[in-house]
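So the protein lines, in turn, are chains R and L. The first sequence begins at 552 in the numbering used here and counts up one residue at a time. The second sequence begins at 263 in the numbering used here and counts up one residue at a time.
Calculated from the structure, these hints are not laboratory results. The model shown is predicted, which means the values in this text are computed figures rather than measured ones. We treat Cβ as the ideally placed atom computed from N, Cα and C, and that holds for glycine. Don't take every hint at face value.
Unchecked claim - Beta-carbon label-pair distances, calculated as ranges:
id : chain 1 : residue 1 : chain 2 : residue 2 : range
1  : R       : L607      : L       : I267      : 41 to 49 Å
2  : R       : S902      : L       : I313      : 51 to 59 Å
3  : R       : S902      : L       : R286      : 44 to 52 Å
4  : R       : A630      : L       : I293      : 19 to 27 Å
5  : L       : A300      : R       : V818      : 46 to 54 Å
6  : R       : A608      : L       : T329      : 42 to 50 Å
7  : L       : A297      : R       : L607      : 48 to 56 Å
8  : R       : S902      : L       : A297      : 38 to 46 Å
9  : R       : G718      : L       : I267      : 30 to 38 Å
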Amino acid sequence: MNELSGRQAAIWFMLHQLGSSFLVLPSVLAAAAKQDAWLAVPAALAVQLLLIPLYLAIAKRIGERSFGDYLGSLWGQTAGRIVVGLFSLLCPFLILTMTLRNLGDFINTSLMPETPVEMPYFLMMAAVVYMIRAGVAVCGRTVEILSPIALSLMFIVFVSLIPSLDGAHLLPVFEYGWKPIVRGSFPLLAFPYLESVLFLFFLPYIRYAPWRKAVYASHAISGGIFLLLTLFTVAALSDAIVANVSFPSYFVVRTISVGDFYERFEVLITILWFIAIFIRLSLLMHVSSVGLAHACQMNSPQALLIPLALIAVIVANLVWPNMTALLELFNIWPFYALLFGAAFPLAVWLSGRLFRSAGGAP
Amino acid sequence: MLLAIIMGVALAGSLIEYRFLARRKQKRDLIVDAALLAVGLTLGALSLSDIDLPSPLTFVEQLFGPTSRMVAKLLS
Numbered sequence: 552m553n554e555l556s557g558r559q560a561a562i563w564f565m566l567h568q569l570g571s572s573f574l575v576l577p578s579v580l581a582a583a584a585k586q587d588a589w590l591a592v593p594a595a596l597a598v599q600l601l602l603i604p605l606y607l608a609i610a611k612r613i614g615e616r617s618f619g620d621y622l623g624s625l626w627g628q629t630a631g632r633i634v635v636g637l638f639s640l641l642c643p644f645l646i647l648t649m650t651l652r653n654l655g656d657f658i659n660t661s662l663m664p665e666t667p668v669e670m671p672y673f674l675m676m677a678a679v680v681y682m683i684r685a686g687v688a689v690c691g692r693t694v695e696i697l698s699p700i701a702l703s704l705m706f707i708v709f710v711s712l713i714p715s716l717d718g719a720h721l722l723p724v725f726e727y728g729w730k731p732i733v734r735g736s737f738p739l740l741a742f743p744y745l746e747s748v749l750f751l752f753f754l755p756y757i758r759y760a761p762w763r764k765a766v767y768a769s770h771a772i773s774g775g776i777f778l779l780l781t782l783f784t785v786a787a788l789s790d791a792i793v794a795n796v797s798f799p800s801y802f803v804v805r806t807i808s809v810g811d812f813y814e815r816f817e818v819l820i821t822i823l824w825f826i827a828i829f830i831r832l833s834l835l836m837h838v839s840s841v842g843l844a845h846a847c848q849m850n851s852p853q854a855l856l857i858p859l860a861l862i863a864v865i866v867a868n869l870v871w872p873n874m875t876a877l878l879e880l881f882n883i884w885p886f887y888a889l890l891f892g893a894a895f896p897l898a899v900w901l902s903g904r905l906f907r908s909a910g911g912a913p
Numbered sequence: 263m264l265l266a267i268i269m270g271v272a273l274a275g276s277l278i279e280y281r282f283l284a285r286r287k288q289k290r291d292l293i294v295d296a297a298l299l300a301v302g303l304t305l306g307a308l309s310l311s312d313i314d315l316p317s318p319l320t321f322v323e324q325l326f327g328p329t330s331r332m333v334a335k336l337l338s
């Protein structure tokens with residue numbers, strides 16, 4: 552208890568949400584909603600605001616127990632363990648491999664095309680394993696130390712983009728009606744926001760009140776950043792270009808040039824993205840190891856880190872064949888994410904209400 | 263080739279881990295860990311010998327592909 556302060560949790564959750572979406576998302580949104588891409592962000596956040604009370608209601612019942620223990624008290628120890636084990640393999644661990652692959656795709660296409668992709672995987676996973684082994688308190692402090700760097704880099708990038716913004720690229724608003732906007736909000740809702748169910752795994756380390764604050768704060772900050780990001784990329788590049796480059800937020804920063812001197816900011820966004828991906832991977836790794844360790848009734852989840860990292864490195868290479876498949880996946884993934892981000896917590900919440908006595912605190 | 267080195271590093275790291283686990287007599291941890299490591303090493307060996315492994319996302323695509331296409335039709 553109290554291993555994680557409210558601020559650390561908020562930053563951890565926020566950078567987790569920024570994680571892989573920061574680089575890929577504007578192109579997905581612009582492909583679906585054209586110049587109205589930025590409107591998809593508030594739409595996704597509005598749906599998420601309906602889901603947060605569900606997570607809060609579950610969190611209140613969990614109290615200081617781990618998520619696995621709570622499920623055990625609801626559905627019986629064996630069923631709880633099976634569900635938590637399956638959940639950690641199918642949700643956080645699968646997302647972990649996909650996030651790792653995002654990193655590999657980015658490095659291979661934009662930064663170091665000739666480096667074998669296993670090398671960045673290996674270095675990143677080694678850092679993640681090292682940090683998670685050290686425990687949640689250390690992760691919290693790492694996140695806290697890295698956050699000012701990340702936020703100031705983001706600030707520099709956004710401010711430098713202001714001269715190249717062109718409001719005409721955002722007009723006309725609502726040209727194609729509301730349907731493309733809804734379609735664009737699906738990937739955003741699924742990619743970072745429905746993963747908020749994973750935050751339930753952090754309740755043993757932090758009290759409920761700061762946890763709730765952290766959840767709201769992380770959604771507000773990451774939502775604001777996504778909104779600014781899509782607005783700025785579309786306004787600076789026009790929706791057609793944003794939809795056609797794989798990493799628009801990286802691309803847009805390369806266009807910054809003031810007086811042929813103040814330029815080449817892509818390094819900044821790379822550093823920022825590495826920090827966010829590192830933190831995202833560590834959160835996913837923590838949740839998968841804790842969940843699996845509960846399922847197998849192990850004493851120390853740390854023992855699982857090395858094999859999980861090894862499997863992640865190998866599976867990351869085969870989750871999707873190329874970037875086109877990824878764009879196709881963005882249409883299908885939201886439904887899978889709904890299963891884990893909405894249907895699963897709803898089932899937990901309902902059974903918690905039905906079996907009030909077993910669920911513990913009212 | 264790099265993958266083989268990574269697998270070697272993972273194996274070495276796990277062996278060090280197992281010494282601790284064995285000393286603390288955490289038998290269950292040891293067994294689960296070793297089983298997972300075996301899975302990882304097998305997967306690695308398979309991909310090193312150029313055998314096409316299926317993507318874990320194929321089942322997601324098969325399960326939710328029809329729903330996604332239906333919703334896409336509704337919203338276009």
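| said: So, against the hints stated earlier in the document, which numbers end up violated here? | reply: 2, 3, 5, 6, 7, 8 and 9
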